[in-house]
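Work out the full structure, taking the sequences as your base and the hints as a guide.
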Amino acid sequence: MILQGERQFTSSGKDVMDELNNCLDPQLADKLTLPEHVKADILLAEKEHIAEQALLLEQVEKLKSVFDSEHIKAAPTLSEKLHPLALVQLDQQEKLTHLSEDVKQLLEAYNNVITLVSKQFVQWDEMLTKYEISKQVRKTNEFI
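Each residue of the sequence shown is one higher than the one before, counting from 11 in my numbering.
No lab work stands behind these hints: they were computed from the structure.
Computed from a predicted model, the values in this text were never measured in an experiment.
Be careful, since some hints might not be right.
Stated by the list, open to error - Cβ-Cβ distance ranges computed for the label pairs, FRET-style: (1) Leu88 to Leu126: 27 to 35 Å; (2) Ala61 to Asn31: 33 to 41 Å; (3) Leu126 to Lys105: 27 to 35 Å.
Glycine included, C-beta positions come from ideal geometry on N, C-alpha and C.
As structure tokens, then:
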């Protein structure tokens, strides 16, 4: 009696597993969801994209020898030399930032000085013009 129950349990378990495998099959999902003409429409709509991807894949295949070259294989050993250079680059970048800030401040100071000098020249020009006008009036009165 127990043996028959175990057989029934294992056979029903096997049936359940087969049914689950069928349900998990991607082809079954495609058959249930999309008819063939819709799949064809999707492929035609993606034709250009598929062609581009095929070209890119061909380029990767052509450049595969580059990836397998000794230079690429030696890259991990060069990281020891790269680390100090990266530190130097970061230090130089920080110095560049400070230098850029200093240059900006100097340019602002220069522009302020030029603005003040220009205003002073305008004031002097106005004063000189007033003086010249007053001198011209006197000269014209002298001759009358």
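Legend entry - Violations among the numbered hints, reported as their numbers in ascending order: 1
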